[in-house]
Amino acid sequence: MVGYMIWVFALLQTILFVAAAPLLSGLVKWLKCRLQNRRGSSILQPYRSLKKLFKKETIVANNASFIFHFTPYLIFTITILISATIPLIIANSPFTYIADIIVLIGLFALARFFLALSGLDIGTAFGGMGSSREMMLSSLAEPALLLAFFTLAMNAESTNLSTIIQHFITTKHLLFSPSLIFTALGFVIIAVAETGRIPIDNPDTHLELTMIHEAMILEYSGHHLALIEWASQIKFMIYCVLFVDLFFPFGLATSLTLNVIGISCLALLAKLFFLSFTLSIAEINLAKIRLFRAPYLLSFAFLLCLLGVLNHIILEVR
Amino acid sequence: MLLLTQITVLITIFAGIIALLLQHWHRLAKFFSFALLGLSSCLTIFIGSKTLITQQNITWQIVTAFPGLNWQFTLDPLAAFFLAIVGLIVLAITFYGPAYLRGYEKKRSITNMLLCTALFVAAMYLVLLASNVFSFLFAWELMSLSSYFLVIYLHENSVNRKAAFVYLLMAHASGLFILASFGILAKFSTNLDFISIHLAHLPTLWAHCAFILALIGFGMKAGIIPLHVWLPRAHPVAPSHISALMSGVMLKIAIYGLLRFVFSLLGTLYWQWGVTILIIGTVSALLGVLYALMQHDLKKLLAYHSIENIGIIFIGIGLAIIFMSTNHPVLAALGLVAALYHCLNHALFKSLLFLGAGVIQHQIHEQDLEKMGGLIHKMPHTALFFLIGCISISALPPFNGFVSEWLTYQTTLQAPMLSSGILRTLLPISAALLALTSALAATCFVKAYGAIFLGRPKTRQVRHAKDPTFSMVAAMGFLSLMCLVFGIFPVFTINLINSIPQQLLGTGLITTKNWLWLMPLTGNTTTYAPLLLCFGVLTIGGVVFWLVSCRPSNYAKKIKDAGYIPWGCGFGKIGATTQYTASAFAMPIRRVFKGVWAVTETLTKDNGNFEYNLITEDWSWRYFYEKLEKYLTFIARKIAYIQGGNVRIYLAYMFFTLLLLLWLVI
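Chains A and B supply the protein sequences, listed in that same order.
Here the first sequence is numbered in the numbering used here, starting from 1 and rising by one per residue.
Here the second sequence is numbered in the numbering used here, starting from 319 and rising by one per residue.
None of these hints come from the bench; they were simulated from the model.
Each hint should be verified, as a subset may be incorrect.
With a cut-off of at most 30 angstroms between alpha-carbon atoms, the simulated BS3-like pairs for lysine-lysine come out as follows [unchecked claim]:
1) B:Lys425 / B:Lys784
2) A:Lys288 / B:Lys923
3) B:Lys784 / A:Lys55
4) A:Lys56 / B:Lys891
5) B:Lys891 / B:Lys696
6) B:Lys891 / B:Lys923
7) A:Lys52 / B:Lys945
8) B:Lys505 / B:Lys784
No experiment lies behind these values; they were computed from the predicted model shown.
Let the hints inform the model, and build the full structure from the sequences given.
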């Protein structure tokens with residue numbers, strides 16, 4: 001009975017994840033506006049934009065190949081699949097057994113691979129520019145992310161995300177170990193780079209010299225664009241939830257009783273709100289850095305994650 | 319089984335002989351030669367998988383009149399696995415070859431080509447089966463020589479002759495190193511067959527010497543950095559199906575040689591060897607992919623990727639040696655399985671990519687990435703299969719490249735089991751660099767695929783390109799299917815491979831009947847279920863597609879792709895020249911990792927026309943091989959003084975040599 005329930009719950013959790021992702025983006029945008037003394041659009045604005053995009057006609061360039069048509073669906077699907085493996089409310093998600101954290105990185109890389117290809121498909125300069133920059137940044141961020149996950153996996157002796165989180169819930173003292181502090185710092189920089197936010201990329205501009213992610217998807221419109229936008233909102237939420245799950249797992253439900261789930265939901269809301277608030281403050285105080293400064297920041301993240309691993313492996317083993 | 323193996327080798331040799339016999343009837347020769355090769359490759363796959371399942375060793379001997387020079391062969395799981403790999407690739411080649419050679423047979427004789435191909439394949443079978451020093455070295459040299467004649471097949475071009483010469487030189491240098499390392503083993507062994515060498519006890523110092531010589535010898539053939547220079551020269555000039563064989567299979571034979579030498583001939587393993595191989599592997603993987611990123615010649619790019627993948631295989635082998643020497647046999651088995659799995663995977667996707675490159679070259683007579691573009695519309699099947707090759711080599715799920723890298727990562731994650739702090743820190747660093755390598759490989763293949771297939775045609779030749787004949791497409795389709803199958807059903811493969819660590823290390827992984835879940839180590843919650851992953855992607859993707867596009871009352875209106883031209887920033891229609899080029903795509907990487915290449919950039923202005931030239935070179939050629947060549951020529955000049963050109967002097971030399979030898983022997 002419990003085994004059956006947990007699958008249903010994991011499914012519901014995934015649907016909630018996908019549905020709530022635009023809300024989180026809206027919240028961050030709204031908070032940023034309020035902090036800049038602007039009125040800001042409603043928190044629900046991302047939903048309205050998605051609805052509008054789904055309604056509009058889709059224009060595709062005359063020399064687009066099947067990759068261009070196929071990519072939005074693939075990216076959206078893969079992002080949903082990844083979100084299914086992230087514990088949102090209950091720590092033990094059965095989907096994590098299908099794909100562990102290394103597969104998760106692989107899936108992100110697959111989505112990016114196709115997005116970069118679709119940027120090159122039409123043969124405009126912007127698309128190529130975006131693809132090139134995105135691949136450069138991600139090829140630096142990916143190893144750092146893997147190292148961050150390595151520290152966590154070595155701590156829990158498993159690469160299964162649920163096991164890792166449950167390990168941290170049961171052994172709370174680990175959360176203040178130096179290896180995890182370094183890893184958390186590194187993870188923040190990687191998350192900022194991977195979700196295309198300030199100071200690496202600015203999701204709000206369309207200035208051709210600075211854009212990365214937006215340049216890649218410049219040729220997309222209509223429901224294609226809606227799928228890609230939604231996928232990047234889900235991706236943003238994935239990184240936020242991963243961060244709070246891994247480094248602040250307090251309150252995450254480990255059993256399926258109503259009380260525990262209620263507490264878990266409240267804790268999640270509080271954590272995400274706090275994270276959005278911090279992020280907004282950070283974003284309004286930072287400027288976007290030059291493209292060729294970004295590798296320095298990413299190599300710093302790599303260094304932090306490496307320090308995390310070495311700390312664990314030298315100081316904390318046995 | 320014994321008879322079948324002998325017949326297989328004989329059929330392969332006969333495939334060459336028949337080409338000689340029928341040399342005046344090109345098409346017949348081609349047909350029979352490839353048919354026999356195909357038959358032998360099917361038999362090889364059967365023999366290989368059967369031996370892996372039954373785990374039986376078969377030995378046979380052919381006694382010759384010369385004392386000590388007997389032929390001795392053994393079929394054991396390690397040889398069987400590599401036999402199966404060779405068989406798989408040769409099978410694809412037999413479909414591809416006949417149609418590919420059609421382009422050559424009008425202008426030149428293909429008899430040599432067919433003969434050497436058959437001999438090359440037979441030599442590879444013999445290297446794998448050989449179980450004494452004489453037959454191993456004989457087959458090894460046969461393999462090197464026959465492949466040399468294949469590389470030099472298009473000999474009109476002086477670049478090709480030079481490349482083939484570099485290949486011949488390095489192949490022989492590698493042969494010499496291997497000979498020397500066998501010489502050390504022979505010193506301590508009673509007999510020259512592999513079993514008595516295995517049983518002989520080797521002092522530590524001699525074991526280290528033998529290991530280093532073997533590492534240089536086999537490493538040169540496998541193409542580790544800095545012994546890789548022949549690879550990016552020889553691969554582009556050989557006909558594509560030969561490049562596929564050389565890169566996909568022959569490099570694996572070198573890996574086989576190293577595995578056989580280290581795990582089965584040298585008795586004890588030392589952790590220093592593991593560290594050496596791990597470091598060499600990591601450096602080769604990273605530098606290989608960085609050099610590949612700067613290449614604009616498609617086949618050169620693929621050749622550099624072979625170096626990268628050999629590096630990844632070396633990482634697995636290094637991990638296996640480290641864990642074995644520190645007494646963790648199960649973890650060593652995991653590392654070895656990862657390395658062997660990557661051998662199989664690399665053979666599949668690299669051959670696939672080389673066959674794809676061959677098709678492109680056949681169609682547009684061009685290997686330069688900057689002169690392609692838009693081929694996806696002209697050759698959709700080739701584009702699809704090449705894409706699968708690109709995804710597989712970039713180690714992306716659910717294809718096969720990902721499984722072996724996943725296993726390698728899982729092995730490095732066991733670093734805390736080691737007691738030495740230095741080893742413990744080395745493993746994660748190597749894993750991080752491996753992650754960097756695979757991310758850069760993905761970048762490189764986005765660049766390559768984008769430049770070849772996507773965008774708009776950059777030259778006129780591209781417009782006349784079309785998909786090749788069915789048999790060539792089928793060969794690529796077969797390899798693509800294999801890439802997917804080995805990616806989705808890893809547990810079957812691992813259960814098969816598992817007999818090799820059992821043979822070499824004495825312990826295997828604990829195999830499970832649970833074929834759905836890949837679980838590297840028991841008692842651990844780490845699992846990966848590629849089939850369920852695919853199922854998930856298909857289900858979610860289907861639902862999303864239905865909701866968005868197929869529902870009658872959907873939001874999305876029908877896509878209008880009746881001829882919208884992309885926006886040209888207000889300058890009207892955009893042409894092919896405004897596209898991002900391959901070198902522009904790789905430019906950020908060149909800037910981030912500057913110093914890795916020797917870059918020469920020139921900008922000349924000629925009547926208002928700017929000409930930009932960019933040359934990125936490998937440091938090793940300029941700073942190692944050219945220096946080495948200078949010294950060697952200097953020494954050779956000095957030695958040349960003894961060559962007076964007078965017959966009497968030469969006779970005197972012979973006489974004194976004879977005296978010296980007599981004095982030494984008696």
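Index of numbered hints that the structure contradicts, given in increasing order: Checked against the structure, the hints that fail are numbers 2, 3, 7, 8, while the rest are satisfied.
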